[in-house]
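Going down the list, the protein sequences come from chains A and B. For the first sequence, our numbering begins at 1 and goes up steadily by one. For the second sequence, our numbering begins at 1 and goes up steadily by one.
Derived coverage of chain B by chain A (criterion: at least 3 residues anywhere in the stretch with Cβ under 8 Å from a Cβ of chain A; other residues may be distant):
id, segment
1, 53-59
2, 85-94
3, 101-110
4, 125-133
Derived by calculation from the structure, the hints in this document are not laboratory data. Just so it is clear, CB atoms sit at the ideal spot from N, CA and C, and this is done for glycine as well.
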Amino acid sequence: MTFFDTVAAETRKTATLPATAVALAVTVLGPVAITLINAVGVRAALRSGRPELAYTSPVEAVFSAVPIGTVGAVVLGVVAVGGEYTANSARIGGGRQITTTLTATPSRLGVLAAKAVTVVLLVAVAALVVIPASLALAGGIVGTEAPPAPEGVLSRSVGAGIYWMLTALIALAITVFTRNGIVPIIVLVVNSTLVSVSVLLSHLTPLARFLPDLAGTSMFAGDLLAFDDALAPVTGGLVMATWTAGLLALASAVFLRRDA
Amino acid sequence: MVLMLSVERLVKRRGSREILTDVTFRATPGRVTGLLGPNGAGKSSTLRILLGLDRADAGTALVDGQPYRRLRQPLRTVGSMLDGSGAHRSRTARNHLTWMARSNGIPVRRVAEVLDQVGLGAAGGTRVGRFSLGMCQRLGLAAALLGEPRALVLDEPVNGLDPEGIRWIRVLLRGHADAGGTVLLSSHLMTEVDEIADDLVVIAHGRVVAAGPIREVTAGYPTLEDAFFALTGATAGGR
Numbered sequence: 001m002t003f004f005d006t007v008a009a010e011t012r013k014t015a016t017l018p019a020t021a022v023a024l025a026v027t028v029l030g031p032v033a034i035t036l037i038n039a040v041g042v043r044a045a046l047r048s049g050r051p052e053l054a055y056t057s058p059v060e061a062v063f064s065a066v067p068i069g070t071v072g073a074v075v076l077g078v079v080a081v082g083g084e085y086t087a088n089s090a091r092i093g094g095g096r097q098i099t100t101t102l103t104a105t106p107s108r109l110g111v112l113a114a115k116a117v118t119v120v121l122l123v124a125v126a127a128l129v130v131i132p133a134s135l136a137l138a139g140g141i142v143g144t145e146a147p148p149a150p151e152g153v154l155s156r157s158v159g160a161g162i163y164w165m166l167t168a169l170i171a172l173a174i175t176v177f178t179r180n181g182i183v184p185i186i187v188l189v190v191n192s193t194l195v196s197v198s199v200l201l202s203h204l205t206p207l208a209r210f211l212p213d214l215a216g217t218s219m220f221a222g223d224l225l226a227f228d229d230a231l232a233p234v235t236g237g238l239v240m241a242t243w244t245a246g247l248l249a250l251a252s253a254v255f256l257r258r259d260a
Numbered sequence: 001m002v003l004m005l006s007v008e009r010l011v012k013r014r015g016s017r018e019i020l021t022d023v024t025f026r027a028t029p030g031r032v033t034g035l036l037g038p039n040g041a042g043k044s045s046t047l048r049i050l051l052g053l054d055r056a057d058a059g060t061a062l063v064d065g066q067p068y069r070r071l072r073q074p075l076r077t078v079g080s081m082l083d084g085s086g087a088h089r090s091r092t093a094r095n096h097l098t099w100m101a102r103s104n105g106i107p108v109r110r111v112a113e114v115l116d117q118v119g120l121g122a123a124g125g126t127r128v129g130r131f132s133l134g135m136c137q138r139l140g141l142a143a144a145l146l147g148e149p150r151a152l153v154l155d156e157p158v159n160g161l162d163p164e165g166i167r168w169i170r171v172l173l174r175g176h177a178d179a180g181g182t183v184l185l186s187s188h189l190m191t192e193v194d195e196i197a198d199d200l201v202v203i204a205h206g207r208v209v210a211a212g213p214i215r216e217v218t219a220g221y222p223t224l225e226d227a228f229f230a231l232t233g234a235t236a237g238g239r
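My request is simple: use the sequences and hints to build the entire structure.
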């Protein structure tokens, strides 16, 4: 059994879960929908001669929609692990998929690594579709009235994709600890959409900029970041990647030792 | 075709409680070995350790002399079924078996073959959540047979099967053993074990209280049931 076989099996396993289809749909359609709303606002502001009332350009209309795509990335990461621990009802004999997974592939590090590869691949595909599509959509709506595009659209696009991938991996690692998808989904979705704990903490201490989500946001947010001491994009990306690596290492240690 | 399952002085603790104490037995090729004991005796824990799912605190559980976790394509060596189907409820039976096959380099044509073999040929596209208990047991067996393994390790395989299903599995397991394969199954149902097993390992409160060919274990008792209650110290009405 090669690692390639494990990756092929895990990719097939995750990609064929209904929850994965929902997560991919959210990752793709969510940012497109928000971009649409934002872009219409930008166009109206430009036409009325009051550009300060909305995001300043089609590009900002896109990048301010990134957090909604994060929701899909969180669900993908959670489902890849949480699905293993979903208990069947006693009526049909109970049991969980994790026993099948680990009897088929006893290498636990192999299983976890294959899940990480799967999640990164799925998020990458979604990002490659949604970010160019959103930029094209916003450009089309705002049209010729748009101000010249700011610098660094490509690097911010890549940054947004990496932010989603790392978020999905963090969600995956946390679900290894909880062995249940509900709690990580609620906590991470609320944190990335409604109330960001990191943003709240940033009002108390500048150290909050080193928290994974706030650090990672600097990869794509540009001037949108309502935070004075934000890290530079590359630094922010490295900080978030370090958090991700640390959580994955911890998750591996737990997964290796724990009874299935 | 020789494949021995050997469990040697296995100890497992949960918290401060010792749930397995010095469990030792073998399952040999060409024979059906029945692990018999009341609920909570330690049957499932023993099988989970043998399959590398749980860790023992002491002792060894080996497949042909090596731990399960070292097997390169385990599904081709040991087919196993623990509680239920082992499938996520929103998958179809076919989808479940297909990812399993992919993980161990098993040809995908085996998926249709085992579905037919267990009588689920027409239900391959149905989600597992819609299955009956009996269908889940059959899917679990299909998964065990997928890699054409030499050894089968089955936890309560007749659970939920109708009389026809029980007869079918008896014939299947007999055939597997007669062809030189190794079969280890657990059950708390004495009548079933009596009719399927060649060798018996009786376990109670985490200890092996008797082991050997079924006629030796039951020698001196009128029936297996009498032997079981005498050996396990259970009372007839106590379960």
